[in-house]
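Position chain B against the provided structure of chain A, taking the given hints into account.
As given, the protein sequences belong to chains A and B, one line each in that order. The numbering of the first sequence is our numbering, which starts it at 6 and goes up by one. The numbering of the second sequence is our numbering, which starts it at 6 and goes up by one.
It is possible that some hints are incorrect.
Treat identical chains as interchangeable: a pair holds within one or across any two.
[Said to hold, decoys possible] Here are the computed lysine-lysine pairs in the BS3-like style, where the Cα-Cα straight-line distance is at most 25 Å: (1) Lys130 <-> Lys28; (2) Lys130 <-> Lys193; (3) Lys193 <-> Lys114; (4) Lys56 <-> Lys198; (5) Lys198 <-> Lys130; (6) Lys198 <-> Lys23; (7) Lys28 <-> Lys198; (8) Lys23 <-> Lys114; (9) Lys23 <-> Lys130; (10) Lys23 <-> Lys56; (11) Lys130 <-> Lys114.
Bear in mind the hints are in silico, worked out from the structure with no lab data behind them.
2 protein chains.
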Amino acid sequence: MGRQGILIVVSGFSGAGKGTVMKGLMDRYGSYALSVSATTRPPRPGEVEGKAYFFKTREEFEQMIADGALIEYAQYVDNYYGTPRAYVEQQLSEGRDVILEIEIQGARKVREQFPEAVLLFVTAKDLPTLRSRLTGRGTEPPEVIAQRLCRAAQESEGIEEYDYLVINDDLDACVEEIHGIIESEHRKISRNKDFIHQIREELEVFSKGE
Amino acid sequence: MGRQGILIVVSGFSGAGKGTVMKGLMDRYGSYALSVSATTRPPRPGEVEGKAYFFKTREEFEQMIADGALIEYAQYVDNYYGTPRAYVEQQLSEGRDVILEIEIQGARKVREQFPEAVLLFVTAKDLPTLRSRLTGRGTEPPEVIAQRLCRAAQESEGIEEYDYLVINDDLDACVEEIHGIIESEHRKISRNKDFIHQIREELEVFSKGE
Chain A
6 MGRQGILIVV SGFSGAGKGT VMKGLMDRYG SYALSVSATT RPPRPGEVEG
56 KAYFFKTREE FEQMIADGAL IEYAQYVDNY YGTPRAYVEQ QLSEGRDVIL
106 EIEIQGARKV REQFPEAVLL FVTAKDLPTL RSRLTGRGTE PPEVIAQRLC
156 RAAQESEGIE EYDYLVINDD LDACVEEIHG IIESEHRKIS RNKDFIHQIR
206 EELEVFSKGE
Chain B
6 MGRQGILIVV SGFSGAGKGT VMKGLMDRYG SYALSVSATT RPPRPGEVEG
56 KAYFFKTREE FEQMIADGAL IEYAQYVDNY YGTPRAYVEQ QLSEGRDVIL
106 EIEIQGARKV REQFPEAVLL FVTAKDLPTL RSRLTGRGTE PPEVIAQRLC
156 RAAQESEGIE EYDYLVINDD LDACVEEIHG IIESEHRKIS RNKDFIHQIR
206 EELEVFSKGE
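The shape of chain A in the complex, shown without the other chains (with noise of 0.2 Å):
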């Protein structure tokens, strides 16, 4: 049987280790494919595009929010970012897992448009662990740490939305975990309907035929 590709949304805390272990996954499992997100912020040193982000201009991007070639986009500090739609739906047609990671308001975007998208949010273990990733070695500016905290409190607001919650204690662990909760998405009845369809109406052949 054909196996669909799932699109998996990953999201959490600042500090969570996100990046970690999206390299983690990708560095493990070669059969994932990950989204590189549009931008118009200006790349910084040795970032490449394609690799990074895709570059793009100001009327670029507008141009393709207009064309509908955005799953979905933002804007921080006066630059746009966004999700390409036909790289996304390409992997998805072959098969292919899709990782995307998002903050909370894209996937809210995603999960409208690919209703059978798996949303996970990454924590760290505990709080004391999230408290002191987020407060730092108590160096930074009394004013970044507010900012710090009042962007996780903000993200808490949505973990409901999501699907999983995936600790991210042990790097090899966190990989392994979200490696196994596609596994078994990829075993949900709802993803399987062509197979089941097929025995069903096998049994039904076979059954007459005696």
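Just chain B now, with coordinates in the frame of chain A:
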């Protein structure tokens, strides 16, 4: 955070090897509690009370029904079979995952009473395999084969009421798949409400304190 036990129902086609898979799961992971059915069927040689079944008289069994002491029960060929409630509820409350190997009618009853139960349907890897398991070596009388096919066709009717379709091709892989599904279920947002509630509260207190 204290982890809540999950009630797991395993059903599947006769001949899909459910029994072997259950044994493999229990052997490999000591953490699961396997529910033992009560029955009015007389013990067969070698069957140990409380291991194979809890053996009951018809009067005792009917008293259990009257007392609501069974989560589900059914009658096959003049004998009652049922799932004692006390063991299941005790194990769950202690945080253990409990496994029930029952048929679709029983699975429905479990779902009514335990909406958070996880229902797995075990199947052979493909139709030729299922067919060869159902027909055996061709040495059985045609009426036995016809009966098996009829039963499999009936069993296939209810598959959509399950949550996951598990393929039993390689035994080890199948055991790992089931274990993986249960682990993933533990990561569901709906099963981690206390943790989420705690994080949110702490973040709030913490933000205000800064």
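* Up to 25 Å CA-CA - lysine 193 versus lysine 130, copy category -> between (27 Å within a copy, 15 Å between copies)
* To do: Check lysine 130 against lysine 28 for me: Cα-Cα at most 25 Å, and say if that holds within a copy, between copies, both or neither.
  => For lysine 130 and lysine 28, the Cα distance is within 25 Å only inside one copy (19 Å; across copies 33 Å).
* Intra- versus inter-copy proximity for lysine 198 and lysine 56 (alpha-carbon distance at most 25 Å) -> Neither. Shortest intra-copy (35 Å) and inter-copy (37 Å) distances fail the 25 Å Cα cut-off.
* To do: Can you give me the call for lysine 23 and lysine 56, within, between, both or neither, at a CA distance of at most 25 Å?
  => Within one copy only: 17 Å inside a chain, 46 Å across chains, cut-off 25 Å.
* Is it within, between, both or neither when you check lysine 130 against lysine 114 at 25 Å Cα-Cα? -> For lysine 130 and lysine 114, neither the intra-copy (28 Å) nor the inter-copy (36 Å) Cα distance is at most 25 Å.
* **25 Å Cα threshold - placement of lysine 114 relative to lysine 23** => within (20 Å within a copy, 41 Å between copies)
* How do lysine 193 and lysine 114 come out at 25 Å by Cα distance, when the copy is not named: within, between, both, or neither? -> Answer is both: 23 Å inside a copy and 21 Å across each meet the 25 Å cutoff.
* Given a CA cutoff of 25 Å, do lysine 23 and lysine 130 count as a within-copy pair, a between-copy pair, both, or neither? -> So lysine 23 and lysine 130 pass the 25 Å test inside one copy only (13 Å; across, 35 Å).
* From the Cα coordinates, with 25 Å as the cut-off, is the pair lysine 28 and lysine 198 best called within, between, both, or neither? -> Neither, since 32 Å and 28 Å both go past 25 Å.
* Alpha-carbon proximity context of lysine 198 and lysine 23, limit 25 Å -> between (33 Å within a copy, 21 Å between copies)
* **Alpha-carbon proximity context of lysine 198 and lysine 130, limit 25 Å** => between (36 Å within a copy, 15 Å between copies)
In summary, the structure is inconsistent with hints 4, 7 and 11 from the numbered list given earlier, while agreeing with the others.
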